[in-house]
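Asks: Please assemble the complex out of the two chains, which come individually in their own frames, going by the hints.
As they're listed, the protein sequences go chains A and B.
Reading the first sequence from the start, the letters are residues 4 to 103 in the working numbering.
Reading the second sequence from the start, the letters are residues 89 to 654 in the working numbering.
Honestly, the hints are just simulated from the structure, not real lab data.
Keep in mind that this is a model prediction, so the values were computed, not measured.
Where a beta carbon is used, it is the ideal one built from N, C-alpha and C, also for glycine.
It is possible that some hints are incorrect.
Cut-off 35 Å, straight-line C-alpha distance, at most; resulting in silico cross-link-like pairs (DSBU-like, lysine-lysine) [as the list claims (entries may be wrong)]:
no.	chain 1	residue 1	chain 2	residue 2
1	A	K10	B	K365
2	A	K74	B	K556
3	B	K131	B	K560
4	B	K439	B	K362
5	A	K12	B	K131
6	B	K351	B	K326
7	B	K568	B	K548
8	B	K635	B	K188
9	B	K556	A	K59
10	A	K74	B	K568
11	B	K131	B	K459
12	B	K189	B	K260
13	B	K131	A	K10
14	B	K420	A	K59
15	B	K556	B	K537
16	B	K556	B	K260
17	B	K328	B	K459
18	B	K365	B	K345
19	B	K328	A	K10
20	B	K548	B	K291
21	A	K74	B	K365
22	A	K74	B	K635
23	A	K59	A	K10
24	B	K420	B	K362
25	A	K74	B	K639
26	B	K568	A	K59
Only part of the chain B face toward chain A is listed, based on derived beta-carbon distances under 7 Å [claimed, not checked]:
no.	residue
27	Q137
28	P153
29	F163
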Amino acid sequence: METLVFKYKADRKLTQRAHVGVVGSGDLEILMVPSDEEHAHVSVRTGSEGFSETWKAVLDRFFSVHTIQAKIVINDFGATPGVVALRLAQALEVSENGSE
Amino acid sequence: MGVNNQSFIELNGRERAQAILDQGTFFELLGPFDGIESPHLPKQNIVPQSDDGVIIAGGLIAGEPAVVISIEGGFQGGGIGEVSGAKIAGALELALNNHKKGIPVRPVFLFDTGGVRLQEANYGLLSISEIGSAVVALREHTPVVGVISGNVGCFGGMSITASLFSYLIMTKEARFGLNGPEVIEQEAGVEEFDARDRSLIWKTIGGIQRYETGFADALAQDDVTAIQRAVQETFQKKEKVTSKTEQVDFYRHLLSKVDPSEKLASDQFQELYKATKNEPIPSTVSYSLNEVPGNMPNSRGRVWINALINDEEADFEIPSVLYKDALLGREKVRYISVVPNPYNRFLRARKGEVGLDEGWAIAKHVREVIKEDRNQSPRPIIAIVDVPSQAYGYHEELLGIHYACGAAADAYAAARLAGHPVITLIVGKAISGAFLAHGYQSNRIVALKDEGVNVHAMSKQSAARITKRSIKELEEASKKVPSMAYDIESFASLGALYELVSGIQAEQPTDRDVQTIQDILTGAVEDVRREGVYDLSSRLYSEQARKEGRKASLVVRGELERQWNI
Numbered sequence: 004m005e006t007l008v009f010k011y012k013a014d015r016k017l018t019q020r021a022h023v024g025v026v027g028s029g030d031l032e033i034l035m036v037p038s039d040e041e042h043a044h045v046s047v048r049t050g051s052e053g054f055s056e057t058w059k060a061v062l063d064r065f066f067s068v069h070t071i072q073a074k075i076v077i078n079d080f081g082a083t084p085g086v087v088a089l090r091l092a093q094a095l096e097v098s099e100n101g102s103e
Numbered sequence: 089m090g091v092n093n094q095s096f097i098e099l100n101g102r103e104r105a106q107a108i109l110d111q112g113t114f115f116e117l118l119g120p121f122d123g124i125e126s127p128h129l130p131k132q133n134i135v136p137q138s139d140d141g142v143i144i145a146g147g148l149i150a151g152e153p154a155v156v157i158s159i160e161g162g163f164q165g166g167g168i169g170e171v172s173g174a175k176i177a178g179a180l181e182l183a184l185n186n187h188k189k190g191i192p193v194r195p196v197f198l199f200d201t202g203g204v205r206l207q208e209a210n211y212g213l214l215s216i217s218e219i220g221s222a223v224v225a226l227r228e229h230t231p232v233v234g235v236i237s238g239n240v241g242c243f244g245g246m247s248i249t250a251s252l253f254s255y256l257i258m259t260k261e262a263r264f265g266l267n268g269p270e271v272i273e274q275e276a277g278v279e280e281f282d283a284r285d286r287s288l289i290w291k292t293i294g295g296i297q298r299y300e301t302g303f304a305d306a307l308a309q310d311d312v313t314a315i316q317r318a319v320q321e322t323f324q325k326k327e328k329v330t331s332k333t334e335q336v337d338f339y340r341h342l343l344s345k346v347d348p349s350e351k352l353a354s355d356q357f358q359e360l361y362k363a364t365k366n367e368p369i370p371s372t373v374s375y376s377l378n379e380v381p382g383n384m385p386n387s388r389g390r391v392w393i394n395a396l397i398n399d400e401e402a403d404f405e406i407p408s409v410l411y412k413d414a415l416l417g418r419e420k421v422r423y424i425s426v427v428p429n430p431y432n433r434f435l436r437a438r439k440g441e442v443g444l445d446e447g448w449a450i451a452k453h454v455r456e457v458i459k460e461d462r463n464q465s466p467r468p469i470i471a472i473v474d475v476p477s478q479a480y481g482y483h484e485e486l487l488g489i490h491y492a493c494g495a496a497a498d499a500y501a502a503a504r505l506a507g508h509p510v511i512t513l514i515v516g517k518a519i520s521g522a523f524l525a526h527g528y529q530s531n532r533i534v535a536l537k538d539e540g541v542n543v544h545a546m547s548k549q550s551a552a553r554i555t556k557r558s559i560k561e562l563e564e565a566s567k568k569v570p571s572m573a574y575d576i577e578s579f580a581s582l583g584a585l586y587e588l589v590s591g592i593q594a595e596q597p598t599d600r601d602v603q604t605i606q607d608i609l610t611g612a613v614e615d616v617r618r619e620g621v622y623d624l625s626s627r628l629y630s631e632q633a634r635k636e637g638r639k640a641s642l643v644v645r646g647e648l649e650r651q652w653n654i
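Isolated chain B (complex conformation) (with noise of 0.2 Å):
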């Protein structure tokens, strides 16, 4: 770096604001002086911060109104809470307001994040889907631009957020994946991936590998005035970008040609991008292992599929993802489950992960809904939740899983903007990116309340390792803060669920069970077309939410809205 240059990286969150706008046109939207601060770190003994570690500004690019939205990666690495969510989804919520009224602004996302806070775990989650939707909606109107520039990077479901927008500039320090080095190691093993190893880490996940695949548009030194530059520049482009998370047919395409029972190395990858870069993409996606190999194994996605298909033979192009047009009482809907498939060709997808084949499979089956109706009214789809987590492995994260995962996101989410009721049947486990991905872009969320029936953001034994504390520790703090628990009642208590429904046989439903759980879903299908709302503000205002569940993010909504003058 030259003596003139001045770092960006080595700002803090407001300062990197300030230095994004024009010159003196910075004002700050639900500041420090505001003391809206997370309310449950001090329960948990830990210092909160006044403004939750996220700040809202408003000014000028290049003479435009924009609002830039930036994180203090100093404050709890970044990680995204109830109240911090809650900011950054009211804000882009009244950017997408702003434009629907004829009045421009341009969204300016800096990265600097962990993921999800896991001391507030689900209000993370939650808060992560309703801002995924804020940019799916935002990006019709304008480019929605992001930063992502070190020291912690984009990590977790924040990367799923980031796969969504139109332009990603990142420095060659940064880093973007999905799951973190140690995250990785903890859940697959050192031989999956060593997170000392800081070489391996930057060439899977660092700044330029992700720019050299495509993964990012452009590369920024560390410079305020370059960076402050690459943001103006994407908002002059004339012509509308197809976001990566949207090209499924480009991404199943380049897929399927990694042979993942060896390892490919960084630079092997950038050769296969560039070379599948400008090829025609062929119609059809052949996978090598597309076909059963042999007995599938049972599981809750897999049983409850078959169940509200009427036993029907349910339709696949990979055998992990389940699809099928059935009748629910007299209309046609479409049912997608994911279950496990012990011979995937990726190894860390075999028990019913969403994994880089997956994502991208779920997001072809919910988009070809869309481009079917398009002319008829739209029909309902029906997503059926048993995923105990994202793949966590080395070739996914250096083949993007966060985009498989943002994929199989922004589609759901494309489909309920385009009036398809799209409602989630928890059966099962429900976590984290997994859930993301698969569930948590819909209208309505059913669950079954029985024991197997989990929401959470992370196992907790890597939990426990990311937030240095012990496993009883956790459970501990768990009682206090019902969103750090793991089970469903708690999660119930954030107001999220349309129903969580008693007395079924989770595993093995019998027809009644069937029948009581066809009838809720046309409940929820009537209920969405009743309110005509496709936006997922009815988890917000539910009786639940109001009360207790989401009081905060309701508080921080209402205050922004009253400040809000871009």
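With the rest of the complex left out, here is chain A (with noise of 0.2 Å):
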């Protein structure tokens, strides 16, 4: 198991706190919540060691899109980096539309 924290610039609030996906095989666990800090903090468990430049390129692109004011704690039991992608878009509608 290793342990990666990330952080960016942020300025954009979010409604309300999301939880989505399963620790389970190819999938990961998101939690998403709102914050007043002016920047997302991501913090990942994965059980694969050694992709952490992966994990920095998926979550790039991610908040240099979606510039959200949030703290973000991801569990990973393997996802793919597609998997990873499609699950934050996941946590970011429930974050901002509400219905989870």
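Replies: This is how it looks when you write it as structure tokens:
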């Protein structure tokens, strides 16, 4: 298991917290909590070690588009970059639109 | 499935709970944002989940207050660890409190679990015994309803839990049994059970077979509306149901008609069950092999029951379950011990395992004590424990070994709740489903400090296979997480023991050893009566448990109680 931490500048508030996904084969769990601080704080725990560059690439891409003020916790069980991006989008949708 | 149907199985654990509750009424207790995850998984380099894989939801079912407990099968196979187990047990204990205060709540359990989470091992077993105890108590007030939908199904210790329920609803996609196919193959060989033969698996333990042989009460389609309706219907029934694990005479009668020397096919068992279901039950059950055909081997279980009953002859109906009423101090108590019978009619239960006949026989010998003492002071019951495992085999699964183990656990729990001090004396092995059946439902557990005394959830070989780790890796992990270890001192560190007794010759006790143990057992009985509490809370609130062994279990219960608003 490896813990990775990322921080991005942010200027957009979220309306509510979101929880999506399961820490199960090829999937991951994301908790997204609105924050007043002007950055997004991302903490990733992953069972697959040695992929920090891949994580950085996926997260850079997402947070360059979505400059959200949030604390994000990710518990990963071997999700592919595509699944990670989808789950992030799903969490964002819940955080902005309300329905879980 | 039609186009308008929505699969229940494809939903995750949280969505399933939402689907069972009336629309818009779902709320969660101890949810993912409360951040109570397993403290034991990260130590083993395993990523935890924010809710530890169990969803506790409140809401309404057909307009009535309900609590839905849903296991997320996608996380660690739905395995029960300390936090997830405490969430379940805590929720059931709070539901029981509600009923005692006259505030009804409908308990529904959505199973999707392989049983004990092997990475937390003994925490899983401890929790499962506490969950079982709560189910037995709660069942007196309300139907306790379970749904086994798959994908994982319901296995291991949690299948024993499910056996205690008032009603079980299954889908044909679900599987329900004590030992998973891989574990049977590992323990008993591929000739006994081929874990790759999917057709055999579903014919033996699948939803249709379980429904046709009465081990499930309803068969529902894999459809949200169908399952919701099936759950609601069970609460509309007016008469109190007798759980299958309470129907000891019927199941002993049914099993007496089986000849295990020939392989019984699943459809033959369906016919046998249906033919037997409506017959009158004879008052005595005779087995073809209930005489002792030769010399019985010595075992710790046999040595200790003989010693404790002052070397009188122990009674038995089947030679592998000995029992005797004898004096402990000035009081008559009942001793029960499971011992090896090399001539056992079930091949897989010849080495002292708790098998089909054993589970139901224990239930009988415990329940007759409850019945006999109905109008007098409840007799203490002493379970002498030296059980290497539950029996692993094809017949065992087909004929419902989880129900046999559940019947024994149910009987001990019922005795305890009726005020019988139930004391466990571990003199040898106390393993897994066998220990859940025989010993884990007691008020107090006494163990000998001896190398041959072990408590754990699964043999190292099987645990390694299931968790995809080497035996060496398992042994390394158990150094960091004592609940995974096999030795009795590690188990003692969890705080569940009333006393760990040193200096006793476990194989061949001296007269003085026996006197020492008798004094401790007498003290344990007195302690139970003095305290006057007949649930399993003494294990949670012992000094060792509070300080170290059950810290997370207590935090979860405390926080759940704080949030409880059902």
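Asks: Now look at each hint and say whether the structure bears it out.
Replies: Taking the hints in turn, this is what the structure says about them:
1. A:K10 <-> B:K365: Not satisfied, since the Cα-Cα distance of roughly 66 Å exceeds 35 Å.
2. A:K74 <-> B:K556: Holds. K74 (chain A) to K556 (chain B) sits at ~34 Å (cutoff 35 Å).
3. B:K131 <-> B:K560: Status holds; Cα separation ~16 Å.
4. B:K439 <-> B:K362: holds, 32 Å
5. A:K12 <-> B:K131: With a Cα-Cα distance of about 32 Å, the restraint between K12 (chain A) and K131 (chain B) holds, given a limit of 35 Å.
6. B:K351 <-> B:K326: violated, 40 Å
7. B:K568 <-> B:K548: Judged against 35 Å, a Cα distance of about 16 Å means the pair holds.
8. B:K635 <-> B:K188: Since the Cα atoms of K635 (chain B) and K188 (chain B) sit roughly 30 Å apart, the hinted pair holds (cutoff 35 Å).
9. B:K556 <-> A:K59: Roughly 30 Å separates the two Cα atoms, so the pair holds.
10. A:K74 <-> B:K568: holds, 31 Å
11. B:K131 <-> B:K459: Distance ~48 Å between K131 (chain B) and K459 (chain B) Cα, so the pair is violated.
12. B:K189 <-> B:K260: violated, 38 Å
13. B:K131 <-> A:K10: holds, 26 Å
14. B:K420 <-> A:K59: Violated, at about 71 Å.
15. B:K556 <-> B:K537: The hint holds at about 31 Å.
16. B:K556 <-> B:K260: With a Cα-Cα distance of about 28 Å, the restraint between K556 (chain B) and K260 (chain B) holds, given a limit of 35 Å.
17. B:K328 <-> B:K459: With a Cα-Cα distance of about 20 Å, the restraint between K328 (chain B) and K459 (chain B) holds, given a limit of 35 Å.
18. B:K365 <-> B:K345: holds, 12 Å
19. B:K328 <-> A:K10: violated, 58 Å
20. B:K548 <-> B:K291: holds, 29 Å
21. A:K74 <-> B:K365: Measuring from Cα to Cα gives roughly 59 Å; hence the hint is violated.
22. A:K74 <-> B:K635: The given pair, whose Cα atoms are some 33 Å apart, holds under the 35 Å limit.
23. A:K59 <-> A:K10: Given pair K59 (chain A), K10 (chain A) holds - Cα atoms ~10 Å apart, limit 35 Å.
24. B:K420 <-> B:K362: Violated, at roughly 41 Å.
25. A:K74 <-> B:K639: holds, 28 Å
26. B:K568 <-> A:K59: With a Cα-Cα distance of about 32 Å, the restraint between K568 (chain B) and K59 (chain A) holds, given a limit of 35 Å.
27. Q137: holds, 4 Å
28. P153: Violated - the Cβ of P153 (chain B) stays beyond 7 Å from chain A, reaching only about 22 Å at its closest.
29. F163: Since the shortest Cβ distance to chain A is 5 Å, the answer is holds.
Of the numbered hints listed earlier, those contradicted by the structure are 1, 6, 11, 12, 14, 19, 21, 24 and 28.
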